[in-house]
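Protein sequences, first through last, are from chains A and B. For the first sequence, the positions run 5 to 217 when the working numbering is used. For the second sequence, the positions run 5 to 217 when the working numbering is used.
Careful, some of the hints might be misleading.
Remember, identical chains collapse to one label, so a pair may be satisfied in a single copy or spanning two.
Computed list of lysine-lysine pairs in BS3-like fashion (alpha-carbon distance at most 30 Å, straight line) [to be verified]:
1. K209 to K115
2. K141 to K111
3. K164 to K77
4. K209 to K77
5. K209 to K141
6. K209 to K111
Bear in mind the hints are in silico, worked out from the structure with no lab data behind them.
So you can see what is in the structure, the chains are spelled out below.
There are 2 protein chains.
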Amino acid sequence: MAEERKISMAVIRRLPRYYRYLGELLEKGVDKISSSQLSERMNVTASQIRQDLNNFGGFGQQGYGYNVDYLHKEISKILGLDQNYKMIIVGVGNLGQALANYNSFEKRGFKLEGLFDVNPRLIGMSIRGLEVQDIDKMEIFVKENNIDIAILTLPRIRVKPVAENLASWGIKGLWNFSAVDLKLPETVQVENVHLSHSLMTLAYKIKDSKEEQ
Amino acid sequence: MAEERKISMAVIRRLPRYYRYLGELLEKGVDKISSSQLSERMNVTASQIRQDLNNFGGFGQQGYGYNVDYLHKEISKILGLDQNYKMIIVGVGNLGQALANYNSFEKRGFKLEGLFDVNPRLIGMSIRGLEVQDIDKMEIFVKENNIDIAILTLPRIRVKPVAENLASWGIKGLWNFSAVDLKLPETVQVENVHLSHSLMTLAYKIKDSKEEQ
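Same shape as in the complex, but just chain A (with noise of 0.2 Å):
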């Protein structure tokens, strides 16, 4: 049972990890794991999965393990991943076409249920059987259809009136791609991918591992 009590945000990073590996597991009929035996297929120490899943509270029973169903169903339901997630795609460029086409993600409950941008050349082009709306109709879409989670995949210029008008609109939660840092009420959460700093961190380890040879 997930308890109350307030966990860091570098325990809750590694659970989607955890939660991978376990459905991987299920996938496999595979029902009960220990922590040194999941400890060597995800390369995390055994010590630091105790620690990370006694912040749940009893989910290992000494001697025996994890039962991997159960633990599976608690990390989603501490995820939040027990509900359904409405989505919509905001710039339907490269990327957000892209993502359009991911269908790993509705397996998880987030349904994408909309797609807009400003392009007349895009707008109305359809993609997994959705079409491409202008911008102009979001408001009404977002609030008519209870949009939970917007994905922003627009040109950074453009991120941030149109996440003021979305976090107004009600939503819940954005995933931004674009190299700004918004500051949003907190009735919205934000979730950014920073690809680019991505690549500098691997540029980083490239060169401090040429150092240390």
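Chain A is fixed; fit chain B onto it per the hints.
Relative to the frame of chain A, chain B by itself:
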């Protein structure tokens, strides 16, 4: 000067954001900034900023603040952005095409040199002046052109053997967009972008904020 002390990855992962902010300040002609001003802009505590930047020793001067240009350059060196990297994209589906169309990577020294795919419908297609090549030609290309980084945007099931080949051909870094954790020799550095993990984290934040209301 970058000291030879080992800096934690948590600090390293914050550096690209400093780098980006400082770059924006430079563009605006700002030549010095205090940690409290930087703090307000970046939404990070001033003490965190001082702590982070102290890792590299002596950038700030009491009562003067940080020299923006100097700090920007130093962070660039620490991250290894004072060098150039030759990249290829392996898997030119939607996401691969999106990344191929980014030109902001190039400005930071990450130069795209080749595109590879197995799909005959994609081979021969041209993106920003680069022709998609048959993956069979990748080994010679990587070796002859001393490619540093491969961006892996290919289906999950194909990633492992491709990554192992690239590692054996002397590639230095893999930027991996598939939900597969790679175990490779220490000569190759891996940076994962797990988009679904990020989306799950957003779900958690939404759930968590609801519980607090």
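Hints, one by one, checked against the model:
1. K209 to K115: Answer is between: at 18 Å across copies they meet the 30 Å cutoff, but 36 Å inside does not.
2. K141 to K111: For K141 and K111, only the intra-copy Cα distance (27 Å) is at most 30 Å; the inter-copy one is 36 Å.
3. K164 to K77: Cα proximity of K164 and K77: across copies only (28 Å, versus 36 Å in one copy).
4. K209 to K77: Between copies only: 18 Å across chains, 35 Å inside a chain, cut-off 30 Å.
5. K209 to K141: For K209 and K141, only the inter-copy Cα distance (27 Å) is at most 30 Å; the intra-copy one is 45 Å.
6. K209 to K111: Only across copies: K209 and K111 sit 19 Å apart there, 33 Å inside one copy, limit 30 Å.
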